[in-house]
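Asks: Since chain A is already given, all that's left is putting chain B on it; use the hints.
So you can see what is in the structure, the chains are spelled out below.
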Amino acid sequence: MIDPSALYDWVGRLVPLDCMKARFMQQALVALVLLAPMAAAMGVQVVNFRMAFFSDAISHSAFAGVALGLILGLDARWTMVGFAVLVGLGIIAAGRRSSLSIDVIIGVFFSASVAFGLAVVSRDRSVARDVQRFLYGDILTIGDTNILLLAGLFAVLMLFQATGYNRLLYVGLSVPLASAHRVRVRAYQFVFAALLSLVVIFSVWAVGVLLVTAMLIVPAAAARNFARSAGGMFWWAMVVSLTSAVAGLLISAQDWARTATGATIVLCASVWFVVSAAPAALRRRQRRL
Amino acid sequence: MNSSSQPAVMFQDVSVRIDGLTILENICAEVPRGSATAIIGPNGAGKTTLLLALLGQIAYDGRIDVAPLQPGRPVRLGYVPQKLDFDRGMPLTVMEMMVMGHQRRPLWLGRASKAVRAAKEALAAVEAEHLARRPAGALSGGELQRVLLALAIRQEPEILILDEPAAGVDIGGEHLLCELFDRLRIERGFTQIIVTHDLSLVTAHATDVICLNRRVTGTGPVRTTLTTAVLAATFGIHLGLADIQAAQSGRPAPPGGHRHD
Chain A
141 MIDPSALYDW
151 VGRLVPLDCM
161 KARFMQQALV
171 ALVLLAPMAA
181 AMGVQVVNFR
191 MAFFSDAISH
201 SAFAGVALGL
211 ILGLDARWTM
221 VGFAVLVGLG
231 IIAAGRRSSL
241 SIDVIIGVFF
251 SASVAFGLAV
261 VSRDRSVARD
271 VQRFLYGDIL
281 TIGDTNILLL
291 AGLFAVLMLF
301 QATGYNRLLY
311 VGLSVPLASA
321 HRVRVRAYQF
331 VFAALLSLVV
341 IFSVWAVGVL
351 LVTAMLIVPA
361 AAARNFARSA
371 GGMFWWAMVV
381 SLTSAVAGLL
391 ISAQDWARTA
401 TGATIVLCAS
411 VWFVVSAAPA
421 ALRRRQRRL
Chain B
2 MNSSSQPAVM
12 FQDVSVRIDG
22 LTILENICAE
32 VPRGSATAII
42 GPNGAGKTTL
52 LLALLGQIAY
62 DGRIDVAPLQ
72 PGRPVRLGYV
82 PQKLDFDRGM
92 PLTVMEMMVM
102 GHQRRPLWLG
112 RASKAVRAAK
122 EALAAVEAEH
132 LARRPAGALS
142 GGELQRVLLA
152 LAIRQEPEIL
162 ILDEPAAGVD
172 IGGEHLLCEL
182 FDRLRIERGF
192 TQIIVTHDLS
202 LVTAHATDVI
212 CLNRRVTGTG
222 PVRTTLTTAV
232 LAATFGIHLG
242 LADIQAAQSG
252 RPAPPGGHRH
262 D
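Residue numbers (my numbering), protein chains in the order written: chain A, 141 to 429; chain B, 2 to 262.
Excised from the complex, chain A in its bound form (with noise of 0.2 Å):
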C-alpha cells in the first residue's frame, strides 16, 4: 500500500502554523484539498440542474446505509457508500419513468431511508452515539485508507468533469435541446448522479449529513455571483471552496475558536457568498440601465 506519510509531513512544512505540527491535522488538511475541488465542481452543476434537495437526499441515505451495515453485520462505512450510489441511481431512474415531479420522488427516497435508518437505530442504543458522527462530520479522525480512496475518486471524477463538463452544461441548459441534438443524456444523468453520491457520501465524513449540501451549493452559488461565464463558474467554485475548506479547517484549530471543523468550512463560504453579492447586484444595475 502506498504510504502517504512523506506528503503528510510536507503539508505540514507547507502551513507553517503550531496547529498543523499534528499529523491528524495534516491529514485532515490533505483531504479537504482533495474533498473541496471535487464538491465545488459538482456543486456547478449541482447548482445548474437544481439538484439540491437531491444532494440532501442523498447524505441523508447515510443513516439508513449504517443501518444497513448493523443488519448484515458488514462495515458500515461501505454499506453507507454502496447504499448512497443505489439511492442516488434509484432516484434518477424513478424520475425518468414516473409522471410524478422529481422532487416529490426525492421526498419518497429521502423520508424513507431516513426512517429505516432511525428504526434500526433506535432499537440499538449504542450506535445512537455513532449517529451524531454522521451528524456534525469528523474530517479530524479521517484515515490514510480513506484518503487514498478519496484521492482515486478525486482522478475519476476530475476525469468526467474534464471531458464532461460542456454536456452537462448542454443537459443543465435543456434536456430537450440536448437530446436533440446528440448528447446522450441518460449515459451522462445516471453517472453523474452516481459520482454526485459518492462525492456527497464523502462529504459527510468530512462535514457531516446537516452541512453537506452546503458544501456544495454555498461555494457554486457564490461562482454564479461572481463569474460572467460558464468557464469562470468553474474556477470561482474552486477558489471559493479551496480557501473556504483550508481556512475552515486553520479557524477551527485555534484556542480561540475550537468550533466543529464542518461548519466553520461552511462559515467561510458563506462569506464569500456574502462578498459575491455585491458584484452580482452591480451586474444587475448595469444591464437595467
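Among chain A residues calculated to face chain B with C-beta under 10 Å, some are:
no., residue
1, Val-187
2, Arg-190
3, Asn-306
4, Leu-313
5, Val-315
6, Val-323
7, Ala-363
8, Ala-367
9, Met-373
10, Trp-375
11, Ala-420
Chain B is nowhere near these chain A residues, computed Cβ spacing over 10 Å in every case:
no., residue
12, Leu-147
13, Leu-210
14, Ile-211
15, Asp-215
16, Ala-233
17, Val-248
18, Arg-263
19, Val-271
20, Asp-395
21, Trp-396
From the derived model, a few chain B residues whose C-beta atoms are all more than 10 Å from chain A:
no., residue
22, Gln-7
23, Pro-8
24, Met-11
25, Cys-29
26, Val-67
27, Leu-70
28, Lys-115
29, Arg-118
30, Ala-125
31, His-176
32, Ala-205
33, Thr-220
34, Thr-229
35, Ala-233
36, Gly-237
Treat the hints as calculated values from the structure; they're not laboratory data.
No residue lacks a Cβ here, since even glycine has one placed at the ideal position from N, Cα and C.
Replies: Then chain B, alone, in the frame of chain A:
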C-alpha cells in the same frame, strides 16, 4: 428507391396516450424531403406532442420513420424549442452556448478556435454575430430565438424542427424570422418542420401542411390542402363559416384573425 426522393419523415399510425388520455390518434402523414412542412392545429391539438414523439422524447405506438440522407448514418436533427425554459441566472455567454456541443475540451480550459470559428459563422447566418459576447440570460425573446436557430443550424441538420419559433416575438419579427428560415432552407437544403397555430405564417412560408386536431384532418401541399372543410375540421366550425367567401373564390384561407391562444 433513391433516398433523396423518399419522404424525410413518415408517421405511420402514430398514437400517443398519456395517463389514459388520448393526445394523438392514428397519425399518418409524410414530410417531403426539402419541404417546409407546417404542423397546424388549435391549442391542445397535439402538435408539440407529435414533435416530441419525432424527437424520441415520449413513448408512442406506431412507427415514425426518419430517413437519413446517407443510408446507415444517424439523422442529424436541429431543434428550436418553443420557449427555452432555462435558468436565466446561469452564467453562460452566447459563444459558450454555441461551442459547448462541439468541443470536448471543457469550457474552463478555454474555447477551441475551430469551434469558435464555426459558431461565428452560424451566428452570422442568422444575423446574430453581435450577440456572441452577451450572457444568454440577458437576451430578449427574439434574440434568444435567433441564437437557438444558430445552435440548431450548427448541427448541420438534415431536418430542422421548429416549435412555434416565433411565440415570444412581435408580429413584424415573426415574418422576419420566417423569411430567415426560408432563406436558410433554400441555401442549405434541409427539410423544415414547423409547428404553428398562425395561419398567416403557413400561407406565406410553408410548402406543405399537416393539419392536426388529435387526428390528421388534412395533409399535403398547402395550396390544395387548406380548404374550408379541412380548416373547419381542424379549428372548429366558426372558422369554416368565416371562410366561405375564400372557399368560393378558390383561394386558401386568408391570413390573420385565427389565433387560438
